[in-house]
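Asks: The opening residue of the first sequence carries number 0 in numbering that gives the first Met the number 0; numbering runs sequentially from there.
Keep in mind the hints are simulated off the structure, nothing from the lab. Just to be clear, a hint being listed does not mean it is correct.
As the list claims (entries may be wrong) - Per label pair, the in silico range of CB-to-CB distance:
| id | residue 1 | residue 2 | range |
| --- | --- | --- | --- |
| 1 | 660 | 782 | 34 to 42 Å |
| 2 | 745 | 592 | 18 to 26 Å |
| 3 | 739 | 867 | 15 to 23 Å |
Quick caveat: nothing in here was measured; it's all calculated off a predicted structure. We put the CB at the ideal spot given by N, CA and C, even for glycine.
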Amino acid sequence: MELSKNYVPNETEARWYQHWLSKGYFKSTPDEREAYTIVMPPPNVTGVLHMGHCLNNTIQDILIRRARMQGKNACWVPGTDHASIATEAKVVAMLRERGITKSSLSRDEFLEYAWEWKEKYGGIILQQLKKMGCSLDWDRTAFTMDPDYYKSVIEVFLDLHKKGHIYRGKRMINWDVKAKTALSDEEVIYKEVQSKLYHIKYAIEGNNDFITVATVRPETIFGDTAVCVNPLDERYKHLHGKFVFVPLINRRVPIITDDYVTLDFGTGALKVTPAHDINDYQLGQKYNLEVIDTLNDDGTMSEAAQFFIGEDRLDVRKKMEAVLSEAGLLEKVEAYTNQVGFSERTDAMVEPRLSLQWWVSMKEIATPALQSVMEEAIQFHPAKFKNLYRHWMENIKDWCISRQLWWGHRIPAWYAPDGSVAVAANANDALVILQEKNASLTLSDIKQDEDCLDTWFSSWLWPFEVFKGLSNPGNDEIKYYYPTQTLVTAPEIIFFWVARMIMAGHEYMDQKPFEHVYFTGIVRDKQGRKMSKSLGNSPDLLALIDVYGADAVRFGIMISSPAGNDILFDESALEQGRNFNNKLWNVLKLIQGWEKRIDTNLDAQNEKFAMDWFENRLSQVQQEVDVLLNGFKLSEALKTNYSLIWDDYCSWYLEWIKPGFEQPISKEVYDKTVHYLNEMMHMLHPFMPFITEEIYHLISPKQDDLCNKIAAPVKEANTDIVAGGELLKQVISALRDARNKNQLKPKDTITLYIQTANTGTYKTIESILCKQVNATSIEYTNSSIDNTIVVAVEKDKFFIGTSIELDATALKATLLADLAYQKGFLESVTKKLSNERFVQNAKPEVVALEQQKQADAIARIATIEESLQSL
RNA sequence: GGGAGCAUAGCUCAGUUGGUUUAGAGCAUCUCGUUUACACCGAGAGGGUCCGCGGUUCGAACCCGUGUGCUCCCA
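Put together the whole structure using the sequences plus the hints.
Replies: Right under this line is the structure:
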């Protein structure tokens, strides 16, 4: 078959993925083999594949494919997260386009639209993963709102409530005025903002004086219920115990003292608005101040504000400047830079707000989760994230789990008209509880909580509930697959998700959820900016796959992404991947071209050295790669593979065994060469599954597939043989360099004379050496040869005889530079060795090594000097 | 303000318990080359005060202290 000039990935990739699927290679059922399980971090149903997913899933696929090739029962579970806030926002937007407002719909009507949306768009991202070659067990595709999963989430709520870990409390929360929901602290992003600091005068009761208060949020003064100063502040001592009037509304409020107030910020006097600031709220609690909520849930001013009712608080902020100024109550306005919270989802400026929310108290359930990581029952890669984890877990705060949304798991709590609440699995059970207090209640009297649970309150069950570990306790699958082996995720969700999964695992399975956590970096653009839709710096992944092929994209993203380090995405890495594909393709073409020239009678004497060397080098690299992969050093393992194939195999081995133009090749050499290629495709397969499978099949007829082929045990490498090959490389490079420097053209032939104590070594590699440095003959000599180019490698000397006229200056310069280096080196070694304390204190083998270095350097210097003289 | 981390070649990073040459790789750069697998290529080369300053040690890129700069997380 005639192969195309360059590798064309698209058709090949689609074909192989279908083939693997049809063979059922990705399916897993419990059996007697060791399980290797990964649960995919479920992407949002709203998601489309981006670089972060690409990195994350490539890593998982590498791990799972490797496990499969090690003969383990590999199970990689796909799925999606209902992502309550993000999805609800999308559905609301979709409805708006159709001219429907959410408020015009009933809860059930809205959810119907939401499910419709989910069915239509929810699976897109999973389809895209197929393009990347991800070997997921598609039959297991899970969703955080599947019926059983839903049930389990509710059950966990009931259970935690029963154990006293869930409570309902009025707390200051972050309020998203656009989404009209509470946000957890983690969903708030603090940004530096240019604000104004308004100095506002409050009239003091009983005289005509004022006290000036500084604030960046003048619209909140309608909620003021005190002014606070530091008790030590001399400026205000005369005002202790007095009252002031809040501007415009003239509410009479006390001046209180607390050392929370800093003396040197603003005017030293703080307006206290318990309803709209977390610190003020705490002051309010301490001094029993009235709480006046002046905001509606959409961020407009409420009736309690008395002024500007129904207007947005940010518009009011602007208007306040004029109104206060007109009233003569604005002393001055300063420019001021401060940190302000914004909603991660809607980018709305977050308002601190008092609200009744459901909470999980974390201290108790966090304890075993902290322990399992600290004692390395769960290993973090890289381990540096342990510290971060510990710090967070030791200072853990309660978790606000209610969200004012409809799309999600509805909170299983029912309220009686008098406000009393019952937590129960359903309305009937709730009624029974509520009737204890009021026997006359009926089902129509009680109402279920309108709110949903935080998305993470369902995804923390993911590692076991995808196997129905909670909805069907003790089933065969959960026993077989749990705990899972490796979780691959981004460090930014270590608290949102990783920590909570560990807690849930211990709480409900009595076991850690996974053994290893591999933290990927964040994918950034070339300038180091995080990829985001608003910056428009996130490339279209599917387009990249179209251009470069999935293998090249996988290569590109993996080659420079050590665990836990951010990766700066640069398309040139994909080019490197594509070039690598093409290199592999051309190896195939080269070897295939030899097939019809196989000669079964030809011996392999000249190629024996090359074959021995490569065989051992291959074993050595196989071992190295194993070690690297076991340590989760995926990027380095890929580099090692790359260099084995490109440098050792292509640049050296193939050149050494390559038959001359239209010359035959011995069967033994051909077979070995094919065998090595098969082995290397096997090793590379987890990283670049498509092209390796393709080449594996094209290089020789096969019954099996690489995808589920179990790797043979790695042989021990003979390091002496490997070192022999390295010496040969070194000699060839040195001779080529000398040729280059003396302007010998590649076509110019040379005669080579070797002065060495080990003639035997060189005899075995004569034919390779001739081929590689274009020498017509090799002779051995005991002394220098005149009119030649002299090259020294280790203790051996090489003389290049040529008919071309030589210019010795370049060569001389090289030798002099080498001489200077060696002399400097010798000096440093000698200095070390002449230090008595070194000889006394250092380990004997270290001293011996230094002595060896010294001897080598002296010998080498002698060789160079001799060479210089003969010039 | 509290915490975690990072700083090594132009760029991205390796560098294991301190001693395998006076620090390595890939990409980029430069020189030479179109020899029948591959120019998406080959052969070769140059390039570093291991952030600064102290200390420990016979010996420090590595350990300790300190300064500077950057990143992330939390308030």
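Asks: Each hint needs a verdict: does it hold in this structure or not?
Replies: Verification of the hints:
{"no.": "1", "hint": "660 to 782: 34 to 42 Å", "verdict": "37 Å, holds"}
{"no.": "2", "hint": "745 to 592: 18 to 26 Å", "verdict": "22 Å, holds"}
{"no.": "3", "hint": "739 to 867: 15 to 23 Å", "verdict": "20 Å, holds"}
Of the numbered hints given earlier, the model fails none.
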